[in-house]
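Participant: Sequence:
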Amino acid sequence: MIIHEEGYVYNFNFHLVFVTKYRRKIFDTQEKVNTMKAILQRQATISEVTVSQLEVMPDHVHMLISFKPKYAPSNIVKNLKGASARIWFKQYPETKQLLWGGHLWSPSYYMGTLGDMSKEVVEKYIESQYT
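Numbering (this note's numbering), first residue to last: 132 to 262.
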């Protein structure tokens, strides 16, 4: 999606994947999946991130996102992961017992630009992860 802002035009689309600590299956009910989706959507809005596609799997998350070029990708990831973990632990404090270090997310993540792939191809891939 090409976005026109005052003074510039951009077309950044990123596929972001991050996993739970120790690949624990934290999001094991539809309620928990929906809760994490809502948390990530809300935090994305606060961080001026557009979410085109979002799937929460039992032990990882796929997001197709876009954001203004003034933001560093690493800061976007830090904001999404950090805020979502804080909110999650307030709502589900018992989760910390499954995670020895008290961290919801693994420190690593994957973020790639779409490059030659169309946004639709990546959206379809992300959507197919939960079916």
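Just so you know, these hints were derived from the structure itself, not from any lab. Keep in mind that a hint or two might mislead.
[Claimed, not checked] Cross-link-like lysine-lysine pairs, in silico, DSS-like; alpha carbons within 27 angstroms at most:
#1 Lys201 <-> Lys163
#2 Lys255 <-> Lys156
#3 Lys199 <-> Lys156
#4 Lys152 <-> Lys163
None of the values given here were measured: they were computed from a predicted structure.
Participant: Is the straight-line distance between the alpha-carbon of lysine 199 and that of lysine 156 27 angstroms or less?
Facilitator: violated (32 angstroms)
Participant: Hinted pair, alpha-carbon criterion (27 angstroms max): lysine 255, lysine 156. Please report holds or violated.
Facilitator: holds (23 angstroms)
Participant: Are the Cα positions of lysine 152 and lysine 163 separated by 27 angstroms at most?
Facilitator: holds (16 angstroms)
Participant: Lysine 201 and lysine 163: Cα distance at most 27 angstroms?
Facilitator: The hint is violated at about 33 angstroms.
Checked against the numbered hints given earlier, this structure breaks hints 1 and 3; the rest are met.
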